[in-house]
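Enquirer: Counting from 1, one number per residue, gives the positions in the sequence shown under the numbering used here.
Hints are supplied without guarantee of correctness; some may be wrong.
Listed below are the simulated DMTMM-like cross-link pairs for lysine to aspartate or glutamate, each with C-alpha atoms no more than 20 Å apart in a straight line [unchecked claim]:
1. LYS22 - GLU92
2. LYS22 - ASP6
3. LYS22 - ASP77
4. LYS34 - GLU2
Hints were generated in silico from the structure; no laboratory data involved. What you are looking at is a predicted structure, and each value in this text was computed from that prediction instead of being measured.
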Amino acid sequence: MEHNSDILIMGSGLAGLGYALKVAEFARVNLITKRGLTETSTSKAQGGIAAVLGPDDRFEYHIQDTLTTGEGLSHPDIVELVVRQGPARIRELIDLGAHFDMRTVSKIFSMSLIIADAGKIVGKILPLILL
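Required output: the full structure, derived from the provided sequences and hints.
Expert: Written as structure tokens, this is what we have:
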């Protein structure tokens, strides 16, 4: 069996599916996975997504908290990039049909995090939305 594509994506987790959606607008895409499309590390994620969503929240808080919990293993430039893109990525997921319960749920380190929580099953729901 032959499959032709312009882009081959390996992995059907959130990153792979999100990238596939973006590039499918201008290219033929094949996506391969070692198991089923929904059997990914993403599907095992629970809890929620933390992002700068509230008026009293600050990117700097999330950046510092992420670097602190990373205990020196996190690359500061990548942490800043990911944190600053958080609100836009959540808006994209909402546009694709994700439903979140926006609320402050815990005090972690320097501030109260606003969590985008899809019933503590974020990892199972988001890949299905992207499929």
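Enquirer: None of the hints should be skipped; say for each whether it holds.
Expert: Outcome of the hint check:
For the given pair, LYS22 sits about 11 Å from GLU92 by alpha-carbon distance, which is consistent with the 20 Å threshold. Between LYS22 and ASP6, the direct Cα distance comes to roughly 13 Å. Compliance with the 20 Å bound is thereby established for this hinted pair. Taking the CA atoms of LYS22 and ASP77, the gap is near 23 Å; set against the 20 Å cutoff, the hint is violated. As the CA atoms of LYS34 and GLU2 are separated by approximately 18 Å, the hinted pair is consistent with the 20 Å bound.
The structure does not agree with numbered hint 3 stated previously, though it agrees with all others.
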